[in-house]
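Those protein sequence lines, which keep their order, are chains A, B and C.
Here this note's numbering is used: the first residue of the first sequence is 911, the next is one more, and so on.
Here this note's numbering is used: the first residue of the second sequence is 86, the next is one more, and so on.
Here this note's numbering is used: the first residue of the third sequence is 388, the next is one more, and so on.
A couple of the hints might just be wrong.
Said to hold, decoys possible - Stretches of chain B that chain C covers, calculated by requiring three or more beta carbons in the stretch to come under 8 Å of a beta carbon on chain C: (1) 117 to 128; (2) 245 to 255; (3) 258 to 270; (4) 314 to 322; (5) 522 to 529.
Claimed, not checked - Straight-line alpha carbon distances no greater than 20 Å define the calculated SDA-like cross-link-like pairs of lysine to any residue that follow: (6) A:K1067 to B:M485; (7) A:K1067 to C:V410; (8) B:K338 to C:G546; (9) B:K481 to A:D1197; (10) C:K558 to B:V279; (11) C:K558 to B:K497; (12) A:K1067 to C:V412; (13) B:K526 to C:T438; (14) B:K497 to C:A435; (15) C:K558 to B:M485.
None of these hints come from the bench; they were simulated from the model.
Quantities reported herein were computed from a predicted structural model and do not represent experimental measurements.
Beta carbons are placed, not taken as given, at the ideal position from N, Cα and C, and that holds for glycine.
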Amino acid sequence: MVTVTAQTPIREFTASFSRDRIAVTAFAVLCLILLAAIGAPLISPQDPYDLAQLDILDSKLAPGAKAGAGFTFWLGSDDQGRDMVSAILYGLRISLGVGALATVIALALGMAIGLISAYAGGWLDSLIMRLVDLQLSFPSILIALVLLAVVGQGVDKIVIALITVQWAYYARTVRGAALVERRKEYVDAARVMAFSTGRIVFRHILPNVLPPLIVVATVQVAHAIALEATLSFLGLGMPITSPSLGLLISNGFAHLLSGRYWISFFPGIALLATIVAINLVGDRLRDVLNPRLGSHYGT
Amino acid sequence: MAARDVTKAVILWLGVAAACWPGGGNAAELKIGLSADVTTMDPHFVAAQPNLTAQQHVFDSLVRSDERSRPVPGIATWSTPDPLTWEFRLRKGVKFHDGAELTAEDVVFSLERPYTITGSPGGFQTYVRPIVAKEIVDRYTVRLKTAAPYGALLQDLAEVMIVSKKAAAQATGEDFDRGKAAIGTGPFKLARFVRGSRIELTRHDQYWGGRLPWDSVTLLILPSDPVRTAALLSGQVDAIEHVPTADIARLRKHPQLRLAQTVSWRTIFLHVDQSRDRPPGVLSRAGQPLDKNPLRDVRVRRALSKAINREAIAERVMEGLALPAANVVSPSVFGHNPAVKPEPYDPEGAMKLLAQAGYPGGFSVTIATPNNRYMNDEQVAQTVAQMFSRIGVATKVEAMPLSVYFGRARNKDFGVALLGWGSRAADLALRSLVATAAPDKGYGAWNWGGYSNPGLDQLVARSLGTVDPAQREAVAREAAALAAAEVAFIPLHYQVVTWAMRSTLSYTARTDEFTFAHFFKPR
Amino acid sequence: MLAFAIRRLLQSIAVLFVMSALVFVGVYAIGNPVDILINPQADQAEIAAATRALGLDQPLWRQYWSFLAGALAGDLGKSFAANIPAVQLILERMPATLELALGAMVIAVVLGIPLGLWAGLRPDSVSGRVIMAGSILGFSLPTFWVGLMLIMVFSVWLGWLPPTGRGETVKVLGVTVSFLTWDGLQHLFMPALNLALFKLSLLIRLTRAGTREALAQDYVRFARAKGLTMERVVRVHVLKNIMIPVVTVTGLEFGSLIAFAIVTETIFAWPGMGKLLIDSINVLDRPVIVAYLLIIVLLFVLINLIVDLAYTALDPRVRLAGRST
């Protein structure tokens, strides 16, 4: 007697994803990081951005030292008296927030442009694709650098820079997938049945376009986080009032050679862990959702 | 195919490398790591300290500054026959690098050259403008006349380097960079200028100042702090300037290294806006605009000054590399008034003063600061913000790169702004920082706070117009005392400048933060 | 082919135009470089005079117009800070950056392809997995962090390599290069390694994926069935087929190496173009910023064009397809 369990696409996907234990561990780590970042105000002993809570006399203490206010600096304190644990948690918040926000907006923007390009065809399609090609042939760091040098600093400006760097990937992916889907018979059938374009897009095209998009997006989030860290290091990134991990690392650089490694080292580990986890998950996603092995989720 | 080709390539490379192998030498060589980029070797193009550092190895000026920033004779001595005339007598037998002798013609040419420089964002005209007439009395004597008595001429002339008229006539910036026009009377000759990387110098054997211990000197450009320290630790350089505060403790303990330190001329202070009713960033605690500007009240300014724990900043933020300040210039500089002492840390007194002035609940301000200019500038601003918050003045910090900061500050975008100032004389500093802005006279060019006190203006003018140094210093001190009593600005600290070097070297630490190879001596 | 090249070039000129305008306006809007570079004792009159001398008091459109006029004649203005033509300043520093980028590419290719091949041939072995894990670390680690770690380990703790700067240089055909001297190589190694890390990891992964895909192809299975050794199969069939995508990607990524050299140059005080850009941004030396961007855009366009043409020439499928249309 054979029991057959109905396999929904989601269950199929989860099953094949979890076949790689490393990816699953990475996913778990990522969830932990996300939870820690979201819950930062609740778990951190100190609000590192509230100047009234900082005391300069607590600065540059080694991991394990006690603060004047009574709690322990588990990972030490930086040169302003900020608890490293709190600074890292809040920094993660900023890094992840900026990276994710930029990716989501870029995704939406890129998707819209890609769809328009695929549907409009003709000269509009050519123009948009030219723009996309042009943008993709330039390294992200150059685009971001010039943009920030020109529009100045600030959280919003960084997000804009990150969006500018990313949208082209999504636009191209979506357009490619949309073109393929458009030619399929079921779309012709739907059109004959006089379904609106909107319904065709949402019901049929999007679900098929989503897998490659998710893969690209995952990698792009990691890339965005790393790019923001690099920009902060170069001095063009986040302002001191809301330090991201990149800014924390770059601030701590000055102390690396003096033996107070913790000011730069621990934020560096946090950044590394986040990016590696995202990349590992993204890798596995790509293997699982690889369209070349068929439109079904394979091994 | 592959292996044989690779072997051939390796052998070829080894051969080339061997051919280029620099021969070992036992010449006395000195390598110094500088902290900022040198953009040109033309000494009259732009008055930026990094450029002057490199250029003053090659060129001399009439007046030199000693390590305490006081004027001493360079290639000339001087006298003032009358208040409007300065007579400079050149040393005889001073040789340029090309063998020619220094004459009065070279001096006059050099003093006129700043007017011929085009395309400079900040040239030397200010320093030579007070001179209205130049007279060549004889081969070694020059007489300069000023329109009005001007005591600060010596400090100004210390900045103007003397070039060879023969070599520099019609020379472009590039001629200097390539070495063709860089003929000076300084202790070293320019061997090579590799922009962004290094400056190579060789000893000028006929230097008028005597024989130097170094055959060749290399100045390496290493702007990144930790990298500069790494260069010293790994032995790539023999000495570095501007040791970052974070590394001082470690370098001090290092058995093969030693430090040279002194109080620098750089005073870090806060400009507070006193000219407007509603300066930017100055609001009530709830964020609402106030009826009047609290910073106009001297009691409020003094309260803010009392709230600052300067010792804590010096010790914790600056790692001991700061001296609490009350004057606009540091202790060894001309015009420093020792009777004016730093405001003691007194938060209760500060809160009382605030209440007296009518602000018992405090208010809120924003401190603007550059984040890449002065030692730990941003951290200092953050700490001051912490301290203001404790007395009820809620404070935010707005930090930005220098490229944006000065522009916005000139636009009067800030209510409270951090600035660092290095000057060779207190009256010159006061003239720029707190004299009432008068563009025609050149007063108050950096008076961001808009402070205006006619009494102070008069004192500054009198001081600058006094040619006798002793009398001038007395008036300058009076002006400094007045500025302090009125809290025209809120002084924070003087920076301490540090050099680190091999323990086989010694350096006379300089208040003006300049690094000169010719003052490094073997021990 | 020719039409294609011409069309590309025209498009690039349009891009150059737009970019120069955008950057010009942007840098103008940030601030006045005179404020930063002026000597502190200068008074208002001096500042005004300097502003006038640099042409910064003119309305924006007129400044841009004179810039364009000069640009068409090949003059992109003089650097505010260094008083020499901006183009010359950049060309002076270009060999250093190109040397760094080439060095990085050599390291990435020489290490990346063999390692990726190995990982593709033995994907489940310990060494294969270690290589893959290393490659993930390689492109997750931020370049600036790795750079300082390298300095700390190899210069400060071990004392093997000099931490900063470019070594002894020699002139070859008028271009200064440093890799021909031992001292130069010592200075070049760490920065090149730092820059190469990201590309190295990508190349490993690309080669591995390509190898695995090639191994799954029928013709490989057929060759094995015929009795050919694995080594010959790899050398003759697999390598040739993964070369095309690897070469194209490497070529395109060269431009990216030049751009990312900015970070490496900053850390290692390598006197290249990238560091020049950062320094110029910090003092608002607009002529240099604009000139740098124009030159870089031109460089990229050229690289892309060359790679596209080479790809068209190499790949028989594209060639034949093109002919049959």
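| query | Is the hinted pair B:K497 and C:A435 satisfied, with a Cα-Cα distance of at most 20 Å? | reply | holds, 17 Å
| field | Given pair status - B:M485, C:K558, alpha carbons within 20 Å | value | Between C:K558 and B:M485 the Cα gap is close to 41 Å, so the pair fails against 20 Å, i.e. violated.
| said: Just to make sure I understand the rule, a stretch counts as covered if three or more of its residues have a C-beta closer than 8 Å to a C-beta of the chain. Does the region 258 to 270 of chain B meet that for chain C? | reply: holds (count 3)
| query | Taking only the CA atoms, is the gap from A:K1067 to B:M485 under or equal to 20 Å? | reply | Holds. A:K1067 to B:M485 sits at ~14 Å (cutoff 20 Å).
| request: Starting from C:K558, check that the Cα of B:V279 is at most 20 Å away, please. | output: Between C:K558 and B:V279 the Cα gap is close to 14 Å, so the pair holds against 20 Å.
| C:K558 and B:K497: Cα distance at most 20 Å? | Measuring from Cα to Cα gives roughly 51 Å; hence the hint is violated.
| task | Would you mind confirming whether the straight-line C-alpha gap from B:K338 to C:G546 stays at or under 20 Å? | result | holds, 19 Å
| Restraint status (C-alpha distance of B:K481 to A:D1197 at most 20 Å) | Between B:K481 and A:D1197 the Cα gap is close to 49 Å, so the pair fails against 20 Å, i.e. violated.
| Stated coverage of the region 117 to 128 of chain B by chain C [criterion: 3+ residues, CB within 8 Å] | holds (count 4)
| request: Verify the proposed pairing of A:K1067 with C:V410, using a straight-line Cα cut of 20 Å. | output: holds, 16 Å
| query | Against chain C, does the region 314 to 322 of chain B show at least 3 residues with beta-carbon separation below 8 Å? | reply | holds (count 6)
| query | Are B:K526 and C:T438 close enough, with their CA atoms no more than 20 Å apart? | reply | holds, 19 Å
Going down the numbered hints, you'll see the structure goes against 2, 9, 11 and 15, while the others check out.
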